[in-house]
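Build out the structure end to end from the sequences listed, making use of the hints.
Chains as they are written, first to last, in the working numbering: chain A, 12 to 273; chain B, 5 to 298; chain C, 760 to 1292.
Everything labelled a hint here was simulated from the structure, so no lab data went into it.
So the derived list for chain B, only partly shown, Cβ under 8 Å to chain C, looks like this:
1) Ala54
2) Gln76
3) Tyr84
4) Gly90
Backbone N, C-alpha and C define an ideal beta-carbon position, used for all residues, glycine too.
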Amino acid sequence: MLIVENLARSFGVTKAVDDLSFSVQPGEIFALLGPNGAGKTTTIRMILGMIKPDKGKITFNGHPVAFGDVEYKADIGYVPETSHLYENLRGEEYIKFIGNLYHLDPDRVMQTATQMMALLELNPNGSQIIREYSKGMRQKLMIITAILHNPSMIILDEPFSGLDANTVSVLKEFLRAETRHGKAVVFCSHVLDVVERLVDCMLVMKNGHALAKGTPSEIMKQANAQTLDQAFSFLTGAKNITERADQNARIINSQSDRAANE
Amino acid sequence: MLELKIQNLSKTYENGVEALKNIDLTISTGMFGLLGPNGAGKSTLMRTIATLQAPDQGSIMMGDLNVLEQKQEVRKILGYLPQEFGLYPSITAEDMLNHFAILKGIGDQQERREMVAYLLHQTDLYDHRQKKLKGYSGGMKQRLGIAQALLGNPKLIIVDEPTAGLDLEGRSRFLNLLGEIGESVIVILSTHMVEDVKELCGQMAIIASGEVLLNGEPAKAIDALKGKIWEKTINKEDFKDYKGKYKVISTAFVAGKPVLHVFCDTQPDDGFKPIEPDLKDVYFSHINNGRTVI
Amino acid sequence: MNRNPSIDLRQLYTLVKNGLLREWRGESNPFSVLSKTSSLWSQLIMIGLNMVLSVALLFFFIRIKSTLFLALVLSGALSMAFVGMQVLLVFIHSLISPDDYEIIGPRPVSSKTLYVAKVLLLFIFTGILTASQAIIPTIVVTIIYQNPWLVLIIPVVFLISNITGASILIVMYTLALKLISQKRLELFFGIIPLGMMVIFYSMSLLLSDFEQLLNHTDTSALWLKFLPTYWLTGWYRLIFDGWSWPTAVGTAAVYLFAYFLARSVLKYLSPEYGEYLSRTRTIKEIQPKRKIPSALTQLWHRITGFEDRAVALLIKAEFSHDNHFRLNVLCFIAMGIFVTLDDGATFVDPFIGGTLKERMSGFFLYWMMLLLPMVIYAEVLKSNSWQGAWIFHASPANRLKLVTATKRLSILFFYLPACITLATILSFFFHNVWHAIAHSVFIFVIGLVGMTLAIISRTRLPFASAHANSEFSTEIAIMMVASFPLLVVLFFGYGSITGWAIMTSVAYILFRLLVLWQNSRIKSKVRHWEFMP
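Next comes the structure, spelled out in structure tokens:
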């Protein structure tokens, strides 16, 4: 469904993405993993045509995609990491707004939205504008508007952030159901426990490069790790987190003890 | 040992919503995890303990301190990070922490400066300390919220969804920090992430619709489910039937097929195999179930 | 050292300092949003306006009536209203805010400390405004009247009036909060500066009538006795004009009322009230859904495209909930109307004829109406939620259509109603509806030209840019270039129906040609647009 070949993009002297290649099959859940600054969001934005790659090729559903093309976007749904929305709109208005951008029939839009709102338990009161929504409510609204147009690929950046365990469960189930209908799901997440149980294939990135690619068990084997957490830490070089955190906590505690003793 | 005793706490809002119904909890030092779906009453409970709102009935005692009556004394030893953390957009991070430190009673300028600097380092905000808060990203605001909650050697720390918006490293750093501090302090962690509770909390409660459904140690809660959680991979078409027949507490998918976790005292049918329960099973089995006290 | 254990001086100092710092940085100042350059400038403009207004008022009243007392009463009354309005609009969030309770609530700050901090802030805010009003009049009037007591009297009169005025407005605000939510009240506040503009403009129009009224007024006039400042300055008459029981009783009664008013205001500055506001804010409003007739909806869907409907939703939402956007757009339209009212009186219908001067007297009106659609369009490009524009880049929406929809809807929602209003006013001045319509049509068409030029120079998506400095430099540049052709049109071509028809047709053809250029420019630009938050 999606083929990315030798994708690259720099911002000034910084190579945000460098020679990245991967593919996503229909019916597959694919994860892009990496620490902050790895290039995940830049990669996604290039796939969506939001920024122009310096080089590389993107093919979607068998057709090459050039920067500036818009038609293929009708078949992709996107949930960005930060819930930037037009905050003066009410939830229902934002759904209609998105429906218009995707050239959808208004009645069908509201029908789909109503079902999804019930599924994800999003029940704002009539007069609330998005500015008054909690983090979880915004996230749910973003997810609903990403699937209104029945895309064949859904890209989600940190989709579980701000959601309670029940809703995370429902969303996972929903994404799985989508893949059973032949859709592809691409997502970035820091919640490796969810990644491990949900994804079919993943790519670990750092500093714009791919470090490892494969199924979760392949990645763990590659990193000689028992859990995905360990594999991720090993691959990205973040193995000193615990020691650093311990050291910092000791500093805080000794400071507090000193204050208490004085 | 310091203990927080909540007895018979109830709260009904003016629009008729019963946010808390006769809550009884005893929380000792260490990490206490509060799990529950949206609208369960977690935030109401947190806000009541944090002296921001008054219940209709009940009492909260922290040692000899009456939390509902002696609010000022409680606030001196309280660190609170709400889910929606309010900021002054035109103030810098350093000035804001300094302001809060003065309000907390940290009078000595040198001590205050050192404390603020350490907390800024700890939350990786030191390089952004002179930036006005309106320019802060969501993750940065969250980290600042954590920093202000840790000001002044609090004995009671209440954090509501503290790891939302943090990346893996940030979350790891914060949870380790809380884990260390929690040894001599009561830390109440309200979270949606069952993993955080599993990793950190020696005690927990599950709350839904204003009621405590489970209260006790995670390990004991898991033990109580031993031999009662069954797993089976089924066909997609049979999903509805199984849902109607058994108490399905969660569903996962492997290779496109639903894998059911079912709660049952005995083997439901031949195809089910017993599995070692985990905290997620505990959570999901209680959300639509009755109360369990361990 | 802290003698009273319930007021922590260090906390008090930091609370007051924090409040002043935030106000100085324009955190809640709606005027600061009009100039994103710097809230310092907004503060200075506000202080400057106060100074100018108070001096102008005081000397106006002295010129009319030589009685200083009367001048103090009248200028004190107006200053009271003005300061009260400023306290309500600018400083209210530092004084009464549920957000403050959420932030300060869990911290060990005693009620008394917080309360005293708020009272101090109220006095400081009112004091700054009073000082800006009273300084120059005090100095000048003292010199003119050669009375050293005036150094004390004038500031005291202004201060008491201003505190009373602020108190009245604060009490009204808190009463309004019982009836409507703070959110809706703040939407209403967004229109108040516009209302003040209208009032000032109307005052300037009615100045000569007011002057006549005052010429027939002395201190015994009945209407004066309804002004609070008449009684708040009663002690001045008692000292300098001699004892009078009615004056003494009336003055005492008003001071007693002011005392009880101040006490109730102080109650609203308490943390308990902040907690009440915070609590009541969490109760959600349930609003019944308004039913739009399906026939209208169907018509709307028939005449508009998807992109039009998407942009229309945004414009409606921003206008309803963004004070900055609404205020700017309404202020520009109001200015156009004011200029029309001003110029229209001297502007002779060009079809009737008249001297060159009379024909040219409409120049500023035409110039203003050419600028108006451009600045409205510039406003529609900006939003505080501009980062939400990622959706335009991630969706298959036609970006050419989004830009042209923005233009069309800005005209439909704002510029066309402004031109219709213009036509109505002109028909009143010209006493000929058809002539007024004809001139308004020409103005409408040149407005379209202006807007198309604005799009060509600033091709962007709607509500997709952050607010920035130097916001209207492009528009001003276009206007400077357009001034000369406009002068030529008015001077040469406009004095007859034929001339009007030729000029309007030329303008329309120019508009169509510019649209072709506009579309080709948009097409070439959209292919290169990236989204870089």
